[in-house]
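K.L.:
Now for the letters of each chain:
Protein chains: 2
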Amino acid sequence: MDRLDQQIRFVGEADLLKGVLRQTMLAGPGRRENSAEHSWHLALMAVTLAEHAPPGTDIARVTAMVLVHDLVEIDAGDLFVYADEEQQTRQEAAERAAADRIFALLPPDQAAGFRGLWDEFEERRTPEARFARALDRLQPMLANLEVGGGTWKEHGITADQVLGKVRLIEDGSPALGRFARDLVDRAVRDGLLALPPGGATAP
Amino acid sequence: MDRLDQQIRFVGEADLLKGVLRQTMLAGPGRRENSAEHSWHLALMAVTLAEHAPPGTDIARVTAMVLVHDLVEIDAGDLFVYADEEQQTRQEAAERAAADRIFALLPPDQAAGFRGLWDEFEERRTPEARFARALDRLQPMLANLEVGGGTWKEHGITADQVLGKVRLIEDGSPALGRFARDLVDRAVRDGLLALPPGGATAP
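As you go down the protein sequences, you meet chains A and B in turn. Residues 1 to 203 (our numbering) are what the first sequence spells out, left to right. Residues 1 to 203 (our numbering) are what the second sequence spells out, left to right.
There may be inaccurate statements among the hints.
[Stated by the list, open to error] To list a few chain B residues with every Cβ distance to chain A over 10 Å, as calculated:
| no. | residue |
| --- | --- |
| 1 | MET1 |
| 2 | PRO54 |
| 3 | ALA64 |
| 4 | ASP100 |
| 5 | ALA175 |
| 6 | VAL188 |
| 7 | ASP190 |
| 8 | LEU192 |
[Stated by the list, open to error] If you want a taste of the chain B side facing chain A, the calculated C-beta under 8 Å gives, among others:
| no. | residue |
| --- | --- |
| 9 | GLN7 |
| 10 | VAL11 |
| 11 | ASP15 |
| 12 | GLY28 |
| 13 | ALA36 |
| 14 | HIS41 |
| 15 | LEU44 |
| 16 | PHE80 |
| 17 | TYR82 |
[To be verified] FRET-style restraints, in silico, Cβ to Cβ:
| no. | chain 1 | residue 1 | chain 2 | residue 2 | range |
| --- | --- | --- | --- | --- | --- |
| 18 | B | PRO174 | A | ASP182 | 36 to 42 Å |
| 19 | B | GLY164 | A | ASP190 | 52 to 58 Å |
| 20 | A | GLU13 | B | ASP100 | 36 to 42 Å |
| 21 | B | ALA97 | A | ARG178 | 49 to 55 Å |
| 22 | B | ARG90 | A | PRO197 | 37 to 43 Å |
| 23 | A | MET1 | B | ARG32 | 42 to 48 Å |
| 24 | A | ARG178 | B | LEU21 | 34 to 40 Å |
| 25 | B | GLY164 | A | ALA93 | 56 to 62 Å |
Hints are computed from structural coordinates only; laboratory data are not their basis. Yeah, the Cβ is synthetic: ideal placement off N, Cα and C, and Gly gets one too.
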């Protein structure tokens with residue numbers, strides 16, 4: 001099979017991501033979001049919010065990273081961000097196996113490049129990966145606000161749990177971190193997000 | 001409203017593209033494709049098929065272009081690629097009005113930049129726009145093959161009509177153009193695509 005045939009096969013396999021459903025409810029169509037349209041939304045956010053990444057961040061790399069970051073869900077499915085540790089560990093193994101299979105559809109040099117993007121996203125060490133992860137955390141928060149609570153209400157998620165994820169946003173972009181922290185405050189005030197059983201949220 | 005608030009408003013508005021349905025049927029989920037996941041697929045194709053763009057093509061610009069190219073459909077809806085001329089003219093006016101409204105949600109400098117990307121895609125003069133348009137034409141062809149004819153069968157589209165679109169693919173990428181021409185031959189051979197009433201396809 002020549003390079004182009006391999007690339008087209010990969011692109012065809014990627015089509016299946018449109019059938020992988022996430023927990024997030026969409027305000028407009030009133031259905032769950034799929035991982036392909038979620039990935040588009042993150043890529044659009046990367047381009048739109050580029051100026052809030054730390055200086056020198058390679059936004060084209062961030063965009064490529066968010067475009068491929070969820071492809072492993074074709075095999076592994078999507079796991080809710082607040083799943084427990086045992087589920088997370090099982091999911092990580094399934095995603096690694098999926099990455100081995102799916103990126104290997106590409107010509108070897110390109111397979112290595114795309115796998116590198118995926119590993120980088122998972123490892124969260126570079127400014128690009130940290131910014132990409134920040135967008136991946138911020139997007140479902142915006143969606144939950146849009147539908148009046150969404151998965152927060154559905155799963156009884158409390159403000160301190162959300163603030164745990166906000167730390168990942170701050171880590172990728174101080175400006176988006178501040179914005180997300182304000183969102184949590186507003187969601188609590190508006191009754192969309194409950195305080196933990198103890199009462200106050202962590203500072 | 002500060003810059004970030006404007007950008008987040010734009011990103012929130014963009015969410016509505018997930019509810020805009022295209023004609024293309026998806027093999028996996030067995031439903032029509034929406035314009036947001038279509039845009040993701042094109043962006044992934046831009047990154048994957050980059051080497052088939054003419055030398056010097058700015059792939060980050062192609063990616064940004066395909067990410068925003070369908071946002072106007074939030075107001076204007078999607079028009080089938082084989083719609084008649086009168087419908088196309090009406091659609092163009094509706095899309096321009098939509099571009100005026102939607103990109104203006106952004107801070108002025110960014111609104112101009114995004115509008116520039118959209119105009120460039122529509123005008124098809126730069127190598128980046130031509131490659132982006134080639135991807136936009138190739139993707140539904142791949143989808144139709146995947147579902148055994150799809151919109152070609154549904155709307156009685158013939159091989160010469162598809163070859164008219166293949167010229168746009170050749171214009172953006174000779175390699176993808178050859179590939180698309182082979183696809184049409186194969187689709188005719190496999191009975192997925194009919195010959196025109198006259199018989200043979202144009203050379």
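K.L.:
It remains to establish, for every hint, whether it holds in the given structure.
P.N.:
We went through each hint and held it up to the structure:
For B/MET1, the non-interface assignment is confirmed: its Cβ lies about 13 Å from the closest Cβ of chain A, beyond the 10 Å cut-off. No beta-carbon of chain A comes within 10 Å of the beta-carbon of B/PRO54; the shortest separation is about 15 Å. Residue-level check failed: B/ALA64 sits 5 Å from the nearest beta carbon of chain A, not beyond 10 Å. No beta-carbon of chain A comes within 10 Å of the beta-carbon of B/ASP100; the shortest separation is about 18 Å.
Non-interface call for B/ALA175 relative to chain A: violated, since the shortest CB-CB distance, roughly 6 Å, does not exceed 10 Å. The beta carbon of B/VAL188 is kept farther than 10 Å from every beta carbon of chain A, the shortest such distance being approximately 19 Å. Its beta-carbon lying about 16 Å from the closest one in chain A, B/ASP190 satisfies the requirement of being farther than 10 Å from that chain. With a least beta-carbon separation of about 15 Å from chain A, B/LEU192 lies farther than 10 Å from that chain, consistent with its non-interface assignment.
Given the 8 Å rule on beta carbons, the hint for B/GLN7 holds: about 5 Å separates it from the nearest Cβ of chain A. Nearest Cβ of chain A to the Cβ of B/VAL11: about 6 Å, under the 8 Å cut. The hint holds. Annotation: interface hint on B/ASP15 holds; nearest CB of chain A at approximately 6 Å, less than 8 Å. For B/GLY28, the interface hint holds, since its Cβ comes within 8 Å of a Cβ in chain A; the closest pair sits about 4 Å apart.
Nearest Cβ of chain A to the Cβ of B/ALA36: about 4 Å, under the 8 Å cut. The hint holds. Taken as an interface hint, B/HIS41 checks out: its beta carbon lies about 7 Å from the nearest beta carbon of chain A, inside 8 Å. Annotation: interface hint on B/LEU44 holds; nearest CB of chain A at approximately 5 Å, less than 8 Å. Using the Cβ-Cβ criterion of 8 Å, the hint placing B/PHE80 at the interface with chain A is not satisfied: the shortest such distance is roughly 19 Å.
The interface hint given for B/TYR82 is violated, since its Cβ lies 22 Å from the closest Cβ of chain A, which is over the 8 Å cut-off. Between B/PRO174 and A/ASP182 the CB atoms are about 51 Å apart, so this pair departs from the stated range of 36 to 42 Å. Take B/GLY164 and A/ASP190: their Cβ atoms lie about 53 Å apart, and the range 52 to 58 Å holds. At about 38 Å, the beta-carbon gap between A/GLU13 and B/ASP100 stays in the expected band of 36 to 42 Å.
For the pair B/ALA97 and A/ARG178, the supplied restraint of 49 to 55 Å is violated, since their beta-carbon distance comes to about 36 Å. Under the hint 37 to 43 Å, the C-beta atoms of B/ARG90 and A/PRO197, about 58 Å apart, miss the expected range. For A/MET1 and B/ARG32, the hinted distance range of 42 to 48 Å is not satisfied, since their beta carbons lie about 30 Å from each other. For A/ARG178 and B/LEU21, the hinted distance range of 34 to 40 Å is satisfied, since their beta carbons lie about 37 Å from each other.
Under the hint 56 to 62 Å, the C-beta atoms of B/GLY164 and A/ALA93, about 49 Å apart, miss the expected range.
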